Structures are given as C-alpha cells and as structure tokens.
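A.B. asks: Chains as they are written, first to last, in the working numbering: chain U, 1 to 800; chain V, 1001 to 1165.
What the hints contain is simulated information worked out from the structure, not anything from laboratory work. Because the structure is a prediction, the values reported are computed rather than measured. All C-beta atoms, glycine included, are put in the ideal place defined by N, C-alpha and C. Mixed in with the good hints, there may be bad ones.
The following label-pair restraints were derived from C-beta to C-beta distances [claimed, not checked]:
#	chain 1	residue 1	chain 2	residue 2	range
1	U	Glu688	V	Arg1133	21 to 31 Å
2	U	Thr272	V	Val1122	18 to 28 Å
3	U	Ile251	V	Thr1002	21 to 31 Å
4	U	Asn11	V	Asn1054	19 to 29 Å
5	U	Ser699	V	Asn1054	45 to 55 Å
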Amino acid sequence: MEKEYSDWHDNPTMRSWHPERLNARSECTISDVNDLNKPWRFEEDGLTVTRTSPWSPPGCHPVGCSLKLYTDEDGKLVKVEGDENNPVTQGRLCVRCLTLKDYIYNPSRILHPMKRDPKKRGDADAWEEISWDEAFALIKSEYDRITKEYGRESIVCFAGTGREGGTMAPFGSRMLCTPNYCYSQSGYACYVPRMAASSYLLGAAYPEIDYAGGLPGRYDDPEYEVPECIVIWGKEPLPSNPDGFFGHSVIDLMRRGTRLIVVDPRANWLSTRADYHLQLRPGTDAALSLAWINVIANEKLYDAEFVEYWTYGFDELVERAQEMPPSRAAEITGVPEEIIIESARMYANATPAAIAWGLALDQKANGMQVGHCLIALMAITGNIDVPGGQRIGDKTMGLNEAGFGFEEGLGQELIAKMIGAKEYPAYCGLILNSHADLTLRAMETEDPYPIRMGFYAGNNLLSCTSAEPERWMKAINGSMEFVIAFDTFMTPSAQATCDVFLPLATIAEREGVVQTHYGSSPVTMGFMNKAVTQGEGMSDMELCFNLGKVLNPHLWDQYEDIRDFIEHLRLGKKYCYEDIRKEVVLQRYVGYRKYETGLLRRDGKPGFNTSTGRVELWSYAFHRFGDDPLPYYIEPQFGPESSPELMEEYPFILTSGARTYAFFHSENRQIPYCRELNPDPLLEINPEDAKRKGIVDGSWVKAVNQFGECVMKAKVSPIVKEGVVHAQHAWWFPEQDGNDHGGGAYDTFRSNINNLVPNFHFGKLGFGAPFKCMICDVVPISESYDTDMDEIWEKFGKLV
Amino acid sequence: MTAFGLLIDYEYCSGCQSCEVSCKEEHGYPVGKWGIRVMDDGPWEIEPGHMNWNKVPIPTDLCDLCAGRTAKGREPACVHHCLADVMKYGPVAELAAFMEEKPKQVLFVPQYKPYEARGAFVSARKDDASRRRAAAMEVDANAQVEFATHRDDSDVRNVEELSEQ
Chain U
1 MEKEYSDWHD NPTMRSWHPE RLNARSECTI SDVNDLNKPW RFEEDGLTVT
51 RTSPWSPPGC HPVGCSLKLY TDEDGKLVKV EGDENNPVTQ GRLCVRCLTL
101 KDYIYNPSRI LHPMKRDPKK RGDADAWEEI SWDEAFALIK SEYDRITKEY
151 GRESIVCFAG TGREGGTMAP FGSRMLCTPN YCYSQSGYAC YVPRMAASSY
201 LLGAAYPEID YAGGLPGRYD DPEYEVPECI VIWGKEPLPS NPDGFFGHSV
251 IDLMRRGTRL IVVDPRANWL STRADYHLQL RPGTDAALSL AWINVIANEK
301 LYDAEFVEYW TYGFDELVER AQEMPPSRAA EITGVPEEII IESARMYANA
351 TPAAIAWGLA LDQKANGMQV GHCLIALMAI TGNIDVPGGQ RIGDKTMGLN
401 EAGFGFEEGL GQELIAKMIG AKEYPAYCGL ILNSHADLTL RAMETEDPYP
451 IRMGFYAGNN LLSCTSAEPE RWMKAINGSM EFVIAFDTFM TPSAQATCDV
501 FLPLATIAER EGVVQTHYGS SPVTMGFMNK AVTQGEGMSD MELCFNLGKV
551 LNPHLWDQYE DIRDFIEHLR LGKKYCYEDI RKEVVLQRYV GYRKYETGLL
601 RRDGKPGFNT STGRVELWSY AFHRFGDDPL PYYIEPQFGP ESSPELMEEY
651 PFILTSGART YAFFHSENRQ IPYCRELNPD PLLEINPEDA KRKGIVDGSW
701 VKAVNQFGEC VMKAKVSPIV KEGVVHAQHA WWFPEQDGND HGGGAYDTFR
751 SNINNLVPNF HFGKLGFGAP FKCMICDVVP ISESYDTDMD EIWEKFGKLV
Chain V
1001 MTAFGLLIDY EYCSGCQSCE VSCKEEHGYP VGKWGIRVMD DGPWEIEPGH
1051 MNWNKVPIPT DLCDLCAGRT AKGREPACVH HCLADVMKYG PVAELAAFME
1101 EKPKQVLFVP QYKPYEARGA FVSARKDDAS RRRAAAMEVD ANAQVEFATH
1151 RDDSDVRNVE ELSEQ
C-alpha cells in the first residue's frame, strides 16, 4: 500500500543544521579537513563511515550525540568518532561512546537467545543457547498459559532508565498487553515527580534550560540571549547528560558569561566555579526553595507583569512562603541565612536566568513540592519560555510513547486494573505506569491479584534501580513463574531471576529515532543508521514488533514492518523513515512566549494548558488529587529531626547515586577503559569524620543502617560536609562469578547502597523515595575488595 | 596588558617540592593550602625497561605569581628555588618562544582567586526599561485538565476522569 507521507521540511519546528563552521565551539577545535556537511554515509581511506545519532545501548539519556562509525570491508567496526554535524555536541563525545567498540565486541556480551529451567534460577552454568524461533515459541506458550490462568494483568514489565527499553511503553501496552509497565524504583523517584509538577502546574512537559540547541546560530543566534545565571539544583549535568540535556552546554555558557548558583549537598566541579554553593542538608530542598520565594516576594524582585497576567494563586503562594523565612530555612538546611538571601537576589535579578533542576529533587518524599517551588520560581521571575530562560515544547510535543495506542492495546477493563491507579492517580495517570511499591506488594501478597510473569526492559533492578534489592529478588522469584531478560550483557538481575535471555542490539546495529526529553521538550531529533551486525541482537523497536506479532498479532498487523512501526511510534505517522534518517539529526525549533500565541493549548487560545490557563502557583490538580494545593516542607523520614533516637547509632546523613563519567548507572563495569577511571565503589566521607572513625583514604568501610549494609571504599574528601556521606550506586562486578556465593550474582549485593534504602517511603501522591536522604553509620573493616585492573583487562580487554 | 606566566620544563622536574614549600613560606599558607602543587604521574611501564614518570608543578588558584616579589623586579619564589631549574617566569610571549626550543614543556597563566577576580554578580539587564515585558492578555480557563506531558496524538488522559474513578 502506498503511504502518504508529509515532507518534514514543511514542519516549521524541524530544521537541518548545515553550518560552514562549528558555531558552539571555539576556533581551532576543528581542522580545515573535516566532515562538516558530509552525507549520512561516505567512504574514507577504504573505510565506510556511517553517521548516526544513537540512543541505546550502551545506556544514555537521549542526547543523541552524533557518531561517525568507521567500518572495514568485513563490516567490522574499527573506529568511533564524534560527528561534528550534530548542532549541540559538534563532535564532542564522552567515554561511554568512545568505548563503543569495546562494548560491541566485548567477550562477555551475550549474542544469542538463551533459556534456563526456572528451577535453576541463579545457576550461571545452566543456560542453554537457543534460536529466536525457539525463544518466541517458549515465550508464547508461557504467555498463553499464564494469561489464561491469571489474566494479562499478572505480567509486569520492569522498566529501567536511559535505555530506549526503559521508556518503551508499548512493551507493556501492546506487546505484552499488561497495564503494569513499571519503573521499579520506589516512588518513581526519577524525573516523574518533576514531570508531575510541570504537568499539573505549567500544563507542559519539563522546562529545560535554554541552551540554544534548536537555533541555527546557537549561542550567537539573534533570537537567543545568554542567561546571566544558571541555577544547578540537585543535578550533576556534566557526567549525567540528564534526559537529553547535553551537560557540557553549561560550560559553553560559562565561557560566554553565565554565572552559577549550585544547590547540592556535595561540592562538585561546577560548585567550585559558582558564585554561591548552597550546601544544604540532603532532603531539605523544599525549605530552601520556599525561602527563595519568600525573599523574592517580600523584596518585590519578581516580574510583576508576568505574575499579574500569567500566573494563578500568587498571593496564596506568598502567604505560604511567609512560613519559611530565610532564618528558618537556614536552621533546617544548614545554609547560612545571608547566603540564602543573597543567592535568591542573584537568581531574581539575573535576566534571563534558568534553573537546571535535577534528579535529587525526586529522591525524597517531599520532592514534588520542591518541583512546585521551582516551577513557581521560574514563573514569578518571568523566565518561562523566554530566550535563555526555561524552554518548553508546544502542544504537539509530549512524551511520545506513554499514551501510544494505550487504550487500543489494553481496553478499559485492563486499564482499570493497573496497580496503584486508584490509590495514586497523579502518579499512574501521568506516566501510565503501575506504582512501583504497590507492584512490589502485589508480588509479595497477591494483593490486588497474583503476579506471575515478568519482562526486563532495559532494567537491572537488583543492582541499580530498586531499593531493598534482595527483597525485590525474593518477591520476583517467589511470585513469577516465567521471567524474560532483554539485554546486551548478563546482569545480576537476569542471572538471579530470569528464565529466558534475549540479546539486545547496540546503537551501531540498529535503526530508530532519538529525541531529547523523550520528545517532550525537544532540542534535537536524531536518527539511527545501522552500521554493523554482531550476533543476533534485536533493537527494542524490533523485539517489540516481532514478539508483539507473536503474542498479540491483532495489534501489530497494522504495521507493515519495523520502519512502519518506527514511523507510527516516533514520527507520528507523518514522515518517511527511509528519507528522514539520512538527515541523521534535525534541530527542533519551538520559538518563545508561546503562551501569548496559543501554541501551548489544544484550543489554540493564549495561555497555558492548565485548568485556569495560567501557571498555577496554587494548584487545582494537586487539590483535586487530595494534596495541599500549595508547596510545603516536610522533614526527610530519617534524620536529626524525624528520628533523633536513631542518630546515635546512625550518625551520618547518607546520600547516594551521584553520577560519574565512567558509568551509565549499572553499565560499563566490563569496559576496561571505563572501569579504569573508577575501579571500586566509593563512599565519600569528610576528613574530620574519617579521623574520628579511624578511616583512611582508600580503605574499605561498611555502611550500615536499620535496613541493611554494604561495603565501599572510602574516599576521604571535603566534597561532603561533616556529618554527611555519599555513596556511589549501581555497583556489580562482572569479573566475579555469576553464581551467588552470598553476595548475590556477580557480588551485586556486596556493595549495593540500595540495601540501606527502604521501599514505601513516598509522598502523599505516591511520588519519591529517600535514596538521597537516609541515615547510616560508617565503620572501618579489615577486608579489602580492591579491583584488580589486570584481571579486568584480561577478562574483558580481548575483543572478539 | 601583558600576561605573565610560568614555563615549566617537566622533562627535568625531579619532584623536589621546593616550589611548594618556598611558596608556602613566601605567602604564609598553612598546612592544607598550596600556591603550587607537584602532580605525580607514574611510575608506570611504557614497555619493558621503560617507565613513564613525570612530575608537573601546577600553579593553584592561590598563585599570585608572587606579586610582591615580581613588583620589585624579583622572580617568584618557586622559580628562584627550583632545584632542577625547570621554571621560568616572564611575559607569555617571551616564554612561548622558549617552547619552540625543546619538547616536554608546559606554560601556565594562573589566576589568583578567580572568584574575587570576577567580582560580585550584577545584572546588566534587570533594569533595562526597553526589554520586552510579559504581555497583558485575557486568558480563558481550559475546558478540561489533561496530563499535559503526553504527545497530542497519543491517548491523552484527563485528570478529572482519573481522579473520579
């Protein structure tokens, strides 16, 4: 059937970028001999060069930094370089894609489907290689048996983060047809609490700082204004590139005059270059942000016109903020009162100013209220949707898959069965996920119904995402009769709990589309071009389509092939993949002040897409959901105020999960060049505390609290204040045995900081978890677990 | 204005740390603070019989290039006392010319307390009366409240419906 495509050139929000020189980087960073404006594929010195804008794997938040993949006559990848044709990165590249070759041809990568008797879960030697046909037949027979007996709601699709599979909602809604697509982190303590604040208050998806990524002239574009100040709040964008935000853009802007305020319990590279570093007690962000509102309102530093015409509930907000004068916030947060006042003034006076708000907000029960405060700050200072302020998408832009064919795939009856939909509609309705903690409870208690089958989509929950990981392991193994893993490498989660392992294709082996913020706050849209074949891996798109056709053909017959599915899911049925992929990357131009032009609302009228049509500082939606319509502060559940009786035993405030350049969460541990940068799991402790505890730099320590313990290597450093420790997350040891010798598969429970983090500690609307505001003690131990880099090199350095 | 710097020939830096200590003596910096630090890369094997081991003095954010000494025409304390004689002080253009002469050299242009150097933040735009202000427009309420993060061609859910279930 001939398809009717639109021409993407006719879409004013999509633009190609063909400069004569690099315009975001300094002179002399690229030679006269370069590949600017070369086609998507070209030849050079006997090698074929394929340009591509990848998503995953290896995992990454979807920046889509473009790559040049050099393949030889045998189709083997011999070199990877950053592609200077990407308007944002302009050839720059981080270690995780620089080592792509070492990932693709890593000797421990799984290249073929495998099965294992469910009775032998955890036995690393019991896997048996099978064909895709056999794997699909086995999955179909188990799927039919289990769904017949227990219903499709008895399946949970565990989503992770950063991988395409981590947000690939059709795995749940259309391939497995279960309403229980579940990000397995307690309280969805990642991104979604912030998205809730922006969705309900702003009527738009995530407001990102405007780094001119969608403008042809980038920072020099006449439409753009360099922000006078960027506030980095609970975020470490340089290593994390969160949700498609190319973190080093902050440095581009610092070079152009932007000044910084950093709000973080830890010192980081950016904070050492900031005008103010507000080193607050972990988990007290709401107090600090309310105090900023207090200062800005009482000193009348806000944008009076924007407040009057475009916000709702300002007076109520100001009244609420009176409860949090800077003096009180200083007591709560430990940040001196005058620093709170001066930094609030700096943010309000800077014109324009932008807040880069990070994951740390989400990792507390009170996180959505911090999001509320920050949206309010962005609004009352007049920085929403202005050049150099906070950039938002228009009404056609949103998360491109949460609702994709959702009702058609599930039907009303199954949708109503989504675990947690009744109890936490603000959570489940927003992201169309089952509630993580209630899903854990369902596995443990069969309330509201039995759970019998699972599927891991880009998730290694035992090492990374889940609190109390051993509890999750027991719940999965105790309830599920059949579990499928889909990944590039054997993970501790797959080893401990899965019965079928399906190999996943890497970015060099696949096609697809990558969009910043999953399409919701677009800067670029990139396209993946396949350059190599290694093993039998399928991409997330391919597995969803191919296995979907086997399990639920009635939902998949409408797509001719994978590309047709890509066009439907990612390109809104409008554009021809074969044509658009040759662009490799397009800029998304969205313009500014769209609330004045009607581009934010479906009815085309001016205003925001909220109930009142204004930015709601007093939230109708929160009120409707039964929460306080105004932001408020509550203490972290554990700490000097909430649990003074525990502080003698567990005197440290524990925060966790700061990102590194070497790793994307639990990935890259088997890539020698990455591991060499950070061989061991680190716990940062202040020199004064270390002295008191008898801990020396580089020695091993035990972190312990009422929920569990783990061992880490001490990094004695003033990065953290006295009384606070920070532990790295997501550790496992692919060089160790996959069989559990007491520390979990690949020793993943040995150094897993999530052992110390409980489930079921979320906020009133179901959001948040205390990954960044726990308590613990730290004690020296005599054992050493130092990684032997020679062993890593021996095991993983010989590429196949 | 002429920029001054430190040229360091790290082929011959022995790591004696006289630069560090002479700097501390000169400035009175306490234990735990430095005006220059010797970074130590090695030893690690390049190939059997050959090790990589380089010591490189790096001026810190407390290096003022011995402003008090150089104002009187003397060289910085580190340059003066360097046992291996690997440091030179002077105008950057003159030092750069030395770099033509041999490999394994590095030229530093330090900045003393950069946070003081850049001064307190003052907005250049806040009080600009000609800036575009937010428009005064009438805004209508929306007929329904949506989960606004979803793409428009997907199943957009309605907040009212869901919270009434």
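A.B. asks: Now, for every hint given, state plainly whether the structure supports it.
C.D. replies: Comparing the hints with the structure gives:
Distance hint check: the CB atoms of Glu688(U) and Arg1133(V) are about 50 Å apart, inconsistent with the given range 21 to 31 Å. Look at Thr272(U) against Val1122(V): about 22 Å separates their beta carbons, and that is inside 18 to 28 Å. With their beta carbons about 28 Å apart, Ile251(U) and Thr1002(V) fall inside the hinted range of 21 to 31 Å. Distance hint check: the CB atoms of Asn11(U) and Asn1054(V) are about 54 Å apart, inconsistent with the given range 19 to 29 Å.
For the pair Ser699(U) and Asn1054(V), the beta carbons lie near 28 Å from each other, so the given range of 45 to 55 Å is not met.
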